[in-house]
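Participant: Listed below, chain by chain, are the residues.
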Amino acid sequence: MSNKDIKLVQLPSPNFVPERDKDKPLMLEVSHLGIDFGGLTAVNEFNIGISPTEIAGLIGPNGAGKTTVFNLLTKVYEPTRGTILLDGKDTHGMNTIQVNQAGIARTFQNIRLFDKLTVEDNVKIGLHNSIKYHMPTGVFRLPKYWKEEKKAHDKAMELLSIFDMQDMAGYIAGSLPYGAQRRLEIVRALATGPKLLLLDEPAAGMNPSETSELMENIEKIRDEFKIAILLIEHDMNLVMGVCESIAVLNFGEIIAKGTPNDIQNNPKVIEAYLGSGSINGGEKEGTLPDSSDASKPDAEQMSTGHLASPDAMIGGRKEES
Amino acid sequence: MKRFSKQTRSAFINYGIIIIFFIVFQTLSATGSLGSSLKGQLIPICAYIIMALSLNLVVGISGELSLGHAGFMSVGAFTGVVVANSLSGTVTNGTLRLILALIIGAFVAAIAGIVIGIPVLRLRGDYLAIVTLAFGEIIKNVLNCLYVGLDDKGLHFSLKDEPSLHLNPGGRTILSGPMGALGITKLSTFFIGIVLILLVLFYIQNFVNSRPGRAIAAIRDNRIAAEACGIPVTKYKLMAFVTSAAMAGSAGALYALNYSTVVPKKFDFNTSILILVFVVLGGIGNLRGSIIAAALLTVLPELLRQFQDYRMLVYAIVLILVMLITNNEKAMVFIRSRIKKLYKLTRKEGV
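In the order they appear, the protein sequences are chains A and B. Residues 14 to 334 in this note's numbering are what the first sequence lists, from first letter to last. Residues -1 to 349 in this note's numbering are what the second sequence lists, from first letter to last.
If you're looking for bench data, these hints aren't it; they were derived computationally from the structure. Please note: incorrect hints may appear among the correct ones.
[Claimed, not checked] Reference excerpt, derived from the structure (chain B facing chain A, CB under 10 Å, subset only):
| hint | residue |
| --- | --- |
| 1 | Phe200 |
| 2 | Asn204 |
| 3 | Phe205 |
| 4 | Ala213 |
| 5 | Ala215 |
| 6 | Ala216 |
| 7 | Arg218 |
| 8 | Asp219 |
| 9 | Ile222 |
| 10 | Ile229 |
| 11 | Thr241 |
C-beta atoms are modelled at their ideal positions from N, C-alpha and C, and glycine is treated no differently.
Make a model of the complete structure from these sequences and hints.
Facilitator: Structure, rendered in structure tokens:
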């Protein structure tokens, strides 16, 4: 497990960010976010702050509400409570389309590509709002059409080259192997020109070598595009390796926040993933992580006995800064 | 770049098919070797090809189901008749009057498309099918009791009966309820029909391979992902639907101005379904298939005249057989191998 030397800085607001971004305004500031489905509270008191170039992780057992948080951020669901500030702007009242245009792009847990279209067209659809011509220009093939389409083609190829997918540009998206489909979804999301990229289980279905390649690429994307990334992932190698800060969600509420190191040592997290019963030799049903990778490091950490409460963690971080 | 040329080639093959179709039938009818029944079918074939192409834009490319396309056709048809009739004094050139009728027919049908599309296309699911089905019936019934008359004061409308039009002496009735439009001057020509098909083809093929066309295909493939890519879903669905309605309207005007009388009953649910059959049989989203299916299925009932009372039964059986065969891989492999063999045989003979 690669644990880089990450320092988080406490802001005046109850958020903390990587040290390099401490003077910049937050890219995403979510406070008291919550949603009820009928009588069921799916997400409650969700607070998170992400700085402009941070790679943040959101983890938690199955059914914890991680994807619901993404759906709230992208306004697939309208939040019942709370505010979402994107680059200082409240997204209240916006719909999915407007949120995307404001700067949030996402990928989906169950891949949602435009299956019958080519890889290149998928990316060009991501570029839709940056291609500047209207219907008559397209129908009558005016010079502007050719100019803009050429530009879109070049841009699509440039984006595909992040994952070395230029050769696949003419393939039908639905016929690609699973890993390539996931990568194409990321490219398409990037094509919309986001300030914040939400990745929902980007490594699901990838083999270990693909995953480690993806980790490099996530960092490359952040460095090249200068954007913030929030990712949901069950592959702990990826989460611990690439994320600078991690939030852990369980039953719709954040139970811990901190650096990868803090999270691995947090008893609440260990309990959420392994169940409190494991201390007594039994297992609590439904709280086991679904990735076997995930349980190992946590179990190791547990045996070291280094346990700290989330509050203590944040206090500790204060001292660091 | 290779992909581009492939699309362009396919587009030009479609134009070629239409032009060859025109040349062949024009020469046949000029030399008089074309049967009168088939000759009378040429303009309806053009109209139905346009209908099939326009419905393909909704069903194949935008992925919505419209069951009332004949409604737009009838709106265009009767608007076209009224326009052509009321301009008969001012615009003496028949072709010009036909073009005006086609344009205004398309325009009014587009307005009907907007009126239906705006509320319905905001919804998710198959509501469009239900509403267009209702629209087709409503339009048919409204036209069934619509009276339009023309006198020196202009157009008069009534939903009651002919006398309530209160026409001045010398005025004439253009539409008379269930009797439809009587005494239409035949303006449609095969040439204009072919030009209209080419225009519609040109529009759809270029539209599909441009920014809005891609957006519409994206919405069809995955609406949620399209929204997440920042594509205004309702706007593009409406664009496809209204364009399609306008094309259907012009096809209706072309169709109506080919006959001396047209009744509203002609554009009923069966006609809507017939057009949908063209699209499905030709392959959803396949423009060339729509053209061929529309042409063949319009002629087929005439060709089956020898079966007399059993005509529609045979027609249905032919439809079922075609669907079964085209969807059966083994049958298609068999047919292809036969065609190849035949091709080789003819080549050998040629040597």
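Participant: Each hint: holds or not?
Facilitator: Taking the hints in turn, this is what the structure says about them:
{"no.": "1", "hint": "Phe200", "verdict": "8 Å, holds"}
{"no.": "2", "hint": "Asn204", "verdict": "5 Å, holds"}
{"no.": "3", "hint": "Phe205", "verdict": "5 Å, holds"}
{"no.": "4", "hint": "Ala213", "verdict": "6 Å, holds"}
{"no.": "5", "hint": "Ala215", "verdict": "6 Å, holds"}
{"no.": "6", "hint": "Ala216", "verdict": "5 Å, holds"}
{"no.": "7", "hint": "Arg218", "verdict": "8 Å, holds"}
{"no.": "8", "hint": "Asp219", "verdict": "4 Å, holds"}
{"no.": "9", "hint": "Ile222", "verdict": "6 Å, holds"}
{"no.": "10", "hint": "Ile229", "verdict": "5 Å, holds"}
{"no.": "11", "hint": "Thr241", "verdict": "9 Å, holds"}
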